[in-house]
Amino acid sequence: MDDTDRAVRDELARRLAVIEVEERETPRPPFPRGDMVVLVAMVVVSVVVGLIVGLA
Amino acid sequence: MAAHEDVAREATFGSLPVTREERVWNFTDFTWVNVGLAIATWAFLVGGATASLVGFADGLLAMVIGNAIGVAIMLLASVVASQRYGVEQYTVLRSVFGFGGVALIVFTVILFTEMGWSSLLSVMFGRAVSQVSNEALGTSIDPSGLAVTAFALVAIVAAWVILAKGPLTIRFFNRIVAPGLAVLTVGMLVLIFTETSWAQLLDAAPLAPFEDDRLNFALAVEFNLGVGFSWWPVMGSLARLTTTPRAAMWPAFIGLFGATILAQAVGMAAALTLGDSDPTVWMVPLGGAWLGALALVFVAFANLTSLASIVYSTCLALRQAGGSFLTRVPWPWLCAGFFVLPGILAFFPGLLYDQFLLFVTWTGAFLAAICGTVIADYFLLRRQRIDLRGLYGHGAASPYHFTGGFNVAALLSMGLGALTYVLLYNPQTLETRPAFNLLTASVPAVVVAAVAHLLLTALLVRRAGQGGYDAVAPTTAAGRTRGEQA
Numbered sequence: 062m063d064d065t066d067r068a069v070r071d072e073l074a075r076r077l078a079v080i081e082v083e084e085r086e087t088p089r090p091p092f093p094r095g096d097m098v099v100l101v102a103m104v105v106v107s108v109v110v111g112l113i114v115g116l117a
Numbered sequence: 015m016a017a018h019e020d021v022a023r024e025a026t027f028g029s030l031p032v033t034r035e036e037r038v039w040n041f042t043d044f045t046w047v048n049v050g051l052a053i054a055t056w057a058f059l060v061g062g063a064t065a066s067l068v069g070f071a072d073g074l075l076a077m078v079i080g081n082a083i084g085v086a087i088m089l090l091a092s093v094v095a096s097q098r099y100g101v102e103q104y105t106v107l108r109s110v111f112g113f114g115g116v117a118l119i120v121f122t123v124i125l126f127t128e129m130g131w132s133s134l135l136s137v138m139f140g141r142a143v144s145q146v147s148n149e150a151l152g153t154s155i156d157p158s159g160l161a162v163t164a165f166a167l168v169a170i171v172a173a174w175v176i177l178a179k180g181p182l183t184i185r186f187f188n189r190i191v192a193p194g195l196a197v198l199t200v201g202m203l204v205l206i207f208t209e210t211s212w213a214q215l216l217d218a219a220p221l222a223p224f225e226d227d228r229l230n231f232a233l234a235v236e237f238n239l240g241v242g243f244s245w246w247p248v249m250g251s252l253a254r255l256t257t258t259p260r261a262a263m264w265p266a267f268i269g270l271f272g273a274t275i276l277a278q279a280v281g282m283a284a285a286l287t288l289g290d291s292d293p294t295v296w297m298v299p300l301g302g303a304w305l306g307a308l309a310l311v312f313v314a315f316a317n318l319t320s321l322a323s324i325v326y327s328t329c330l331a332l333r334q335a336g337g338s339f340l341t342r343v344p345w346p347w348l349c350a351g352f353f354v355l356p357g358i359l360a361f362f363p364g365l366l367y368d369q370f371l372l373f374v375t376w377t378g379a380f381l382a383a384i385c386g387t388v389i390a391d392y393f394l395l396r397r398q399r400i401d402l403r404g405l406y407g408h409g410a411a412s413p414y415h416f417t418g419g420f421n422v423a424a425l426l427s428m429g430l431g432a433l434t435y436v437l438l439y440n441p442q443t444l445e446t447r448p449a450f451n452l453l454t455a456s457v458p459a460v461v462v463a464a465v466a467h468l469l470l471t472a473l474l475v476r477r478a479g480q481g482g483y484d485a486v487a488p489t490t491a492a493g494r495t496r497g498e499q500a
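For the record, the sequence lines run as chains A and B.
Here our numbering is used: the first residue of the first sequence is 62, the next is one more, and so on.
Here our numbering is used: the first residue of the second sequence is 15, the next is one more, and so on.
Heads up, a few of these hints could be off.
[To be verified] Keeping only pairs whose Cα atoms sit at most 25 Å apart, straight-line, the calculated SDA-like set for lysine to any residue is:
(1) B:K179 with A:V105
(2) B:K179 with B:L355
(3) B:K179 with A:D64
(4) B:K179 with A:A68
(5) B:K179 with A:T65
[Claimed, not checked] What follows is a list of derived Cβ distance ranges for each label pair:
(6) B:V436 with A:V109: 24 to 34 Å
(7) A:E86 with B:V200: 41 to 51 Å
(8) B:G418 with A:V106: 49 to 59 Å
(9) B:E209 with A:T65: 54 to 64 Å
(10) A:E86 with B:G407: 42 to 52 Å
(11) B:R34 with A:R70: 31 to 41 Å
(12) B:A150 with A:R70: 51 to 61 Å
(13) A:A74 with B:F224: 52 to 62 Å
[Said to hold, decoys possible] Here chain A is said to cover these stretches of chain B; the calculated rule only asks that three of the stretch's residues, wherever they fall, bring their Cβ under 8 Å from a Cβ of chain A:
(14) 81-92
(15) 272-285
(16) 353-359
(17) 402-409
No lab work stands behind these hints, which were simulated from the structure alone.
Ideal placement from N, C-alpha and C gives every residue a C-beta, glycine not left out.
In isolation and in its complexed conformation, chain B is listed as follows (with noise of 0.2 Å):
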């Protein structure tokens, strides 16, 4: 099949249910799958940002608090429902939101969330190849200079090229770059153990902390939690091509928490001994001149396969959502509209990258929302069961129809969910209350979306009937087993 008829296969027909013929990914596949997922240079990053906050010791134990309650959190509201109807995310997510809610969702905290990787990825280019010039051409290109500009925009229309022919160029690329940067990955953990011994990787003092150290640890520990609901966006559409729930779940808690916590770490070591949480510095002290350009060209490499990657999900997605109207553009014209933005975000190099936690923490805060008012609709009020024909109805002959379109329960939840949080922790202006010390915003920000679904449920929607909460059709809904019956 050409590349350009791929795309448009998956385009067209990627909302579908997949039969079981067509999952093909067991338990070590997906292992592999989530793996290279997670090795990205995006670990580099969180590694840096943690390094701003606190030590190594405080750094480990608040990526390994923040990312299993993440992960677990988002697998959950993910990929249970997409493996076992084999369908991706924003179609379940109808019987969740309402037709008109998911294209809400879509084109605001996914569209924002996307972007603004999107727009990292490529400013992180353009420092890479900076720092290559720089140490082989003798230039001297500041960080937030023009010509970092020049290359992230080189880098976005790089990415557009790769994705306009398709899927199967962007898993070719991934087979090279996913094993490059585990080894890049191990040669810097040996690097830094060369020049830097336990003791005074333990001693190295955080890079930019605050004056309370009780906060800084919980300001740690909410940005790993953030970073844990940042694969949300993507998982579901990659667990449908699971064969059973296991291989879905634990490879992808294997590779997004243990997997991730492995690169982090080495990106944090490398924060702390070099002292600047920024990626793109560290390989050429970390390497020597020579082996730290190729390093940094990798780098630079790795980020146009990663910024192919998640475009392309979220343009799918997109497509999805925007109904006839988005189905009708081209895909090479859909992909350059969503490049747009992180276009003239390229502009402001230092607007997002020198501000990542910042990011991660405010798109964190809609991420829990969504995935706490998803996990009680599926696990407690649907009980794991949904009409799969339902999901594809047209207006009010759909149960998921709800009001308009839209299930105002669930988006209000939401959206309760999320100013829980920026009530306990404003990422803005960093004020937080006594609470978030011991709770954190997500976990609350969790627990209240869900809690207020349950309620306004109860209290709006199937007292009106709507949402289909009551009778799941036999024929339609995935079987019952004996487990559920009994």
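Next comes chain A alone, as it looks inside the complex (with noise of 0.2 Å):
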């Protein structure tokens, strides 16, 4: 292991110790149930006109 691994896993353990911590003080949360929803709504709108046009 040369001084870039090395200075990389530290760098590494460090990081994943202070995400740990952020995550039991303040969890991220999932992508949003109402924004997934709206997105796949546009999405369904998209298809759904182009179906439209495409058959006429």
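Using the hints, put the two chains back together into the complex; each one sits in its own frame.
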């Protein structure tokens, strides 16, 4: 293991430790369901419009 | 920090997760990042290529439908996980394809895609400079002539110099180019409508359509779907720096859907009114000799920064996927190695530039299949939870080791998705099935890849106890929120 590998390993360990503390204090939320519904609705509307135009 | 230190630091530590204090982009910041990314010279290329198939009204509809679907699917497959875990997407992908599987994808699909884009941008630079020379010096350089090759090679060398200086230099140039291209786009719009009425624009015939109108429209939608998917290789790495899921998703959608449509529509209008799909041909007829030449010089310069930006993110991905061997290759040499194929392609200026539609749809076939596989894995199988420590584990110590570093289920699913695409629409032969006119090829490719991944994971991976699908250690996964527990 050279100096670079060692530096990366140490930095990774430090960051994972910091993130674990952050997660315990305030967990990062998943992608909001409401936003997902809006996004999927936009895709569905686009597909429907595409189908109507394609059929026409 | 000196520029070379900045590059070295990014290349060495770029794959590590970012902490909360390092997440610096809020909703407004990330909107500008994406608008800058979207209003680039490639938007004019897309507008011109769409105009070769359909008229303005159908083209606008195809752009809206194709980009809405393509960008939404692409963002779900890139931005969401990277934002939550603060990890660039090629590291997140280890949970889907395994360590070796990611390397396989990066060294095939991603490398081919980004080398193709690099070739396109360098040839566009060459043609823009040739047009300036023809106008200002009275030369008559052919669009596929040796001079274009020479200028394209100059672009590659210049981009390499910018890259070697590091991301700070790229950021500096982008701050000039992004607002400049926005001004250029608005200027083109004004000039088009001073010469052409709305009715004339709507009546303008497509430049090189096929006989079947429905096929033309379906191809235009498919092409724009491919354009939407083509953002996938770079988005996750950007989104990890945003503060919230909403600050990642919607600015990306506003930029890559809204701003892109605007720039593409202006490009399409210019192509239809001037009768040529090549953006480097538009500027002089639109702006006159001097203004046109000035615009072309700016387009050439803008291509350099776009070229440097995409090669920078790709070389970082190569370095992270290439293991210890590529980590030891000096950054300038790695970038130089990347440019070898685009350099060779510069000797055939028309190969990709005049077959732009073909290139985008081929890459779209694989990117759509990758997106379908990733969405099924992250949202349906893992319920948005990844073992962060496992992403950095070595060998069998990581749950994402799968079979010798490869998740066979995910790779097969990706292959089946791409095969579905080619069965519905073969970009090479232009052969299509009747279903293509209604369903396109990308959407079924996404669905087939996703369903195949769900089934194959149940059959091959979960039974073998691989992949960490059944348990995510509470101390290393992102903590469960109330919404998830419910």
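Status of the hints after comparison with the structure:
1. For the proposed pair B:K179 and A:V105, the alpha carbon gap of about 45 Å is over 25 Å, so the pair is violated.
2. A distance of roughly 22 Å separates the Cα atoms of B:K179 and B:L355; the hinted pair therefore holds under the 25 Å criterion.
3. Simply put, B:K179 and A:D64 have alpha-carbon atoms about 24 Å apart, close enough for the 25 Å limit, and the pair holds.
4. Under the criterion of a C-alpha separation no larger than 25 Å, the hint pairing B:K179 with A:A68 is consistent with the structure, at around 23 Å.
5. As the CA atoms of B:K179 and A:T65 are separated by approximately 21 Å, the hinted pair is consistent with the 25 Å bound.
6. As the Cβ distance of B:V436 to A:V109 is approximately 26 Å, the hint placing it in 24 to 34 Å holds.
7. At about 46 Å, the beta-carbon gap between A:E86 and B:V200 stays in the expected band of 41 to 51 Å.
8. At about 44 Å, the CB distance of B:G418 to A:V106 disagrees with the hint of 49 to 59 Å.
9. Here the CB-CB span from B:E209 to A:T65 is close to 59 Å, well matched to the stated 54 to 64 Å.
10. At about 25 Å, the CB distance of A:E86 to B:G407 disagrees with the hint of 42 to 52 Å.
11. Here the CB-CB span from B:R34 to A:R70 is close to 22 Å, at odds with the stated 31 to 41 Å.
12. Roughly 56 Å separates the CB atoms of B:A150 and A:R70, a value that falls within the hinted 51 to 61 Å.
13. Against the hinted window of 52 to 62 Å, the Cβ-Cβ separation of A:A74 and B:F224 comes to about 59 Å, which satisfies the hint.
14. For the segment 81-92 of chain B, the stated coverage by chain A holds: 6 residues have a C-beta nearer than 8 Å to a C-beta of that chain, and at least 3 were required.
15. Coverage of the segment 272-285 of chain B by chain A is violated. Counting CB-CB distances below 8 Å, 0 residues qualify, and the rule asks for three or more.
16. With 0 residues having a beta carbon nearer than 8 Å to a beta carbon of chain A, the segment 353-359 of chain B misses the requirement of three or more and the stated coverage is violated.
17. Counting residues of the segment 402-409 of chain B whose C-beta lies closer than 8 Å to any C-beta of chain A gives 3; at least three are required, and the coverage claim holds.
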